[in-house]
Structure formats: structure tokens, C-alpha cells
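> From first to last, the protein sequence lines are chains L and H. Numbering (my numbering) for the first sequence: 1 to 224. Numbering (my numbering) for the second sequence: 1 to 388.
Misleading hints may appear alongside valid ones.
[Unchecked claim] Calculated lysine to aspartate or glutamate pairs in the DMTMM-like style (CA-CA distance at most 25 Å, straight line): (1) L:Lys73 with H:Asp301; (2) H:Lys203 with H:Asp234; (3) L:Lys79 with H:Glu88; (4) L:Lys67 with H:Asp302; (5) H:Lys15 with L:Asp120; (6) L:Lys67 with H:Asp301; (7) L:Lys73 with H:Asp380; (8) H:Lys378 with L:Glu83; (9) L:Lys138 with H:Glu287; (10) H:Lys378 with L:Asp120; (11) L:Lys5 with L:Glu223; (12) L:Lys59 with H:Asp301; (13) L:Lys5 with H:Asp380; (14) L:Lys79 with H:Asp380; (15) L:Lys71 with H:Asp302.
[To be verified] Below, a sample of chain H positions facing chain L; criterion: calculated Cβ distance under 7 Å: (16) Val13; (17) Leu14; (18) Lys15; (19) Gly299; (20) Asp301; (21) His304; (22) Pro355; (23) Ile379; (24) Pro381; (25) Val382; (26) Ala384.
These are computed hints drawn from the structure, not numbers from a lab. Ideal placement from N, C-alpha and C gives every residue a C-beta, glycine not left out.
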Amino acid sequence: MIVMKDVTKIYEMGGAQVFALNSVNLKVDDGDFLAVMGPSGSGKSTLLYTIGALLTPTKGDVTIDGKSIYKMKPRQRAKFRRENIGFIFQTFELIPYLTALENVMLPLYLSGVATTKHEDTAEEALRKVGLAHRALHKPTELSGGEQQRVSIARGIVNNPHILLADEPTGNLDQKTGNEIVQLLHKLNDRDGLTVIMVTHDPDKARLSNRVLQIIDGSVVEDEE
Amino acid sequence: MPDGATLRAITLVLKNFSRRKARQILSSIGLILAIAVIVSTFTVAHSMQIQIGAEVEKYGPNIIVTPKSESISVPYGSVVVGNVTIPESSLKKIYTIPNRGNLRAVSPKIYGQVEYENSSLLVVGMISEQEAELKKWWNVEGSLPQNDTNQILLGSAAESFLRLSVGSTITINNMTLITAGILSETGSVDDYSLFLPLHTAQKLLNLPGALSVIDVGALCQYCPVEVMSQQIMDAMPEVKATPIKQAVETRMKAIEQTANFSLLLGSIILAVGCAGIMNTMLASVHERMREIGIFMSLGADDFHLYKIFILESLILGLIGGLIGCLVGLASSTIMGHLLMKTMINLWETPLYIIPLCIALSTIVCVAASLYPAWRASKIDPVQALRTV
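Using the sequences and the hints given, assemble the complete structure.
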């Protein structure tokens, strides 16, 4: 379970304080599919990165499975992230000089998984997203949808129980975007993965079992 | 799917290298140049040391071995020789000293005076090639006396006095001697001497198997002549070995100055090279900020980033060092020609310079990468992911 307790993130901008998150309280149960919506600059991505152990809040506490992630030392937090959290980004963020297979292997390398297991494990993750046949292609040789599938495979290869998706369909056409969201739901249903997805698209958000509306850093609506 | 595909830090580094070929070549140029200059400076300096050493060594022996004697009778140059002689049979003991590898020339001699037409002549018995090795300034018209013959070499003053020319003969103590060569003026006691083969002189002086003095030329770049002198006295208790420090000290000073100059020049170049590498790597960290953010989002910690950046610099250092060595060795021949008007013999260059320079290049590269790697590890991943 993810618990955010009175989480505030303040940025200093030209001497003024900007509240990216303002006293956010949130609980996300294991296996939930949560969609986060809101206008640009409302704090959606900040919320996601704060849950993802990437952005230390100015105030408040974030616990995952009872562990206060920002009380951990940086290396412990990085290890926690490798083992428990997968990220998917709007612009895919694949490493351009690595093949799809190697991109998926990256979290395995970082986790210190035995190299003998790299190929089989990464191949399995690519198979789950239906892209095993494109394993040896570099990102520039793949379509946007294919790149996002590789990104998802990379996000799930270490078997995390949380997948954080920052506008995963933002750079895709409607059809491909729908396919990606369907894939995320499949992973949520089949593997019990907790998915938190930032999106601007109400249709895609509607497919989730919970939708969070966030404006000016505050949660204004939490609909199940 | 390829069999056994894996991902290691080295894969990441090499693939990144192949993507940024131009940058890697450019950043390596500074390093290659720095190492090349160090290697070529060292090679030329080493060659200079050998040549300076050879020049200085022309100034004669640096250890003089005389019998332990209380009485003094025959002066020869700056050396005084007693009546007591060294048995020739003990000469071979010199070659048993621990520093025998440093013996450049060992020239045993017998001195004596003979009467000729109411005058006294100074006779020096020697082994021609050993004496010539010590006295490289000798300029001989004709040839040196061959061992165990009746040939003689006349000092310039002796030649004027005796009115002899190459090929003419002289009879002393019923022994007929043939003039093989005449020595040009040296400004030393050699000008007044008659040089004979050692055994011929021993017969003439009726001192078979006896030596008055042994002049030793030692190559002492890495050994003090005092130690060698003591070693000779330990091996031959019947002699006194006197080191002549001046020549060695002059040579050592020349070598030291050359080496210090090389070290200073090399250090400056290395510092510049190091700054260049650090600058390139800092630029690389800046360029790869988004990539670093992705790595962090996937769970990379400072250790992973240090490993990648240090491995990059390690490979850069190894390759740069190796190429720098080769370029340096090649350019030293050109530098040698321009600076010293002489050919540099690369085979004389100590082999250790290659691993040493590669190690130096690698250490400098790794040291230069530490700050950029630290900067990379301190990047805010969220900020990095938002970098366009």
C-alpha cells in the first residue's frame, strides 16, 4: 500500500514559493489502477515522482508497504526503487544506443541480476508486451507504440509491484494509445500490478478503478 | 535472439563510445598528445643521458687501483706509484665484484724508467684496447701497439726527442721496438711516454707478471663509485682503490638536470591534459543529463554512475596511453633529430616507459573523471528527466 501523508512540495521560483504539491493525503491499495488527471502544471508528475522515490517532499511522509521511503539513505532508496517501482514516461526515455533487449536488461544490470539470466528475463518481459520479435532493434528503428511497449517491458522486468506511468499515451495516436492503456490494464489484472497513470485523456482515465483530480498541487476529487 | 546476450557496465560504455566517436576522438587527442610528449621527452632525455654519460666518460678512469704501498718513487700524472706492484694474476678478481656489470674498461698498466742515450725514458706497458677505451681523446697517427708484440706508441714529446716516425725502430735494453703509432699532443704526461704492450713492457722492465696500477672506468649511473672501490678492495686485499668522484658527479648532475627538466615539462603537460579530460567529461555529464535521469529512475545509485564514468575514463586512459606511447616513440626520432642533430635509437629506450605511461594516462584519466562522476551522482533525477 502507498500512503502519502500531508505531502507538500515547494519550489522556489524567482523568490516566490510555488506549491507543486500542497498537503496531499492519499492511500493507494495494492492492485489499484489509479488515474491522475489535472491541467498542465497542476502537480500530477510531481505526485508521481514523489511516490516513485525520486523527489523528496518539502514536508510530509510517503510510505510504501509501511516503509518510509524518504527516511531511507539515498542508496537504500535507489535499491527500493529498483526492486519495487517501474517507470514509464511520455517520451519513452529509452537509451538510444542500446537495442530493445538491452534497454529491458538495464534494470536487471542495475539490480545485479546474474548475467546468465539477463537474456531470458528480458525476453520474457518483451514477450509480455508482445514485442519479442523486435528485440534486436534500436529505439530509432521502432514506432512510438513499439518504443512505449519496450519502455513498459523495462518497467516490469524486475517484477516491481508498482508501475508509475507519466502520460504514457501523450506521444501516441489514439489507437496506439488505447492499446498501451489496455496493456497496462492487462498487467494490472493479470499480475496484480499497482498502476498509477498520469493522463490528460478522460476516456483513458475512465477505464481505471479510481480517478484523482489534482489542481494547483491539491487533490480536489478522488473518485472510485 | 542472440545466445547469451547480457548487459554489463562495459557494454554500456563501449556502446556509448561508438555513438560518440567524434567526441571521444577529440577528447582523446589532448590525452594522446600529452602522453606522446611525455614519452618523446623521456626518450630524448634518456638518449641525452646516454650521450652525456658517454661524453663525460671520455674523461678517463673513475677508479684507480694501486698497490698498498708506503714508499713513493714513480710519479705518473696525478698518480704516484710505489715500488710495490700488483700481481697480474690477481687482475681477474676485479671481475668478481658484485657491481662487475658496471665495469666499462679495466686497464692494467706497468710503469718504469729506462735509460736511453744518457736520458731517462718513461715506459708504460698497457693493453691497447682497454687504454684506448679509457682515453677516448687519444688521437693516434699510425696504430696502437698490438698485444705481445714489440710495437710501441710514442707520446708527442717523446717522438720529438727520439726523432722516430711510424715504422722506424729503436733498441732499448737490447730489445728492438718498432714504432706503430705516434700520439698527438694531449697536454699530459702521456706526451713524454713510450707505450708498449703490457707483457713486452714487463720484459723490458724485468718485472714479469707485475702491474703498477689498474685504471678502472665504471659506468655508475646507478652505483656510487665509492661502493665499487670498496668492492675492489674487498676482492683484492693487496690493493688500494681510489674513486675519482669529479667525473661521476659532473655526469650525475647533468643527468639529474635533464631528468628534472623532463619531469617538469611532463607534469605541466599532464596537468593541462588532465584539465582537458575533466572539461570533456563535465561536458559529457551535462549532455547526458537526461540519460543519467533515466538511469536513476530505473534505480541507479551513485555507485552505478561512478562505475560507468570511471570505466569510461579507464578505457579512454588505456587506449589514449597506448596510442600516446606509440606516437611519442615515433615523434622522439624527429625531436631527437631537431634538438640534438642525432638519431634516437628506440631500442635504447627502457621498455618500462610503455606500461608506466599507460598506467599514468589511466590514473590521470580516472582522477580527472572523479569530479564529473561526482557531479553526475548529484544530479536531481526529476530535473534531469525534464531536461529537453
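> It remains to establish, for every hint, whether it holds in the given structure.
Results of checking the hints against the structure:
no. : hint                   : in the structure
1   : L:Lys73 with H:Asp301  : holds, 11 Å
2   : H:Lys203 with H:Asp234 : violated, 30 Å
3   : L:Lys79 with H:Glu88   : violated, 82 Å
4   : L:Lys67 with H:Asp302  : holds, 22 Å
5   : H:Lys15 with L:Asp120  : holds, 21 Å
6   : L:Lys67 with H:Asp301  : holds, 19 Å
7   : L:Lys73 with H:Asp380  : holds, 15 Å
8   : H:Lys378 with L:Glu83  : holds, 22 Å
9   : L:Lys138 with H:Glu287 : holds, 20 Å
10  : H:Lys378 with L:Asp120 : violated, 34 Å
11  : L:Lys5 with L:Glu223   : holds, 19 Å
12  : L:Lys59 with H:Asp301  : holds, 24 Å
13  : L:Lys5 with H:Asp380   : holds, 23 Å
14  : L:Lys79 with H:Asp380  : holds, 17 Å
15  : L:Lys71 with H:Asp302  : holds, 18 Å
16  : Val13                  : violated, 11 Å
17  : Leu14                  : violated, 10 Å
18  : Lys15                  : holds, 5 Å
19  : Gly299                 : holds, 3 Å
20  : Asp301                 : holds, 4 Å
21  : His304                 : holds, 6 Å
22  : Pro355                 : violated, 30 Å
23  : Ile379                 : violated, 11 Å
24  : Pro381                 : holds, 5 Å
25  : Val382                 : holds, 5 Å
26  : Ala384                 : violated, 10 Å
Violated hints for the displayed structure, listed by number in ascending order: 2, 3, 10, 16, 17, 22, 23, 26.
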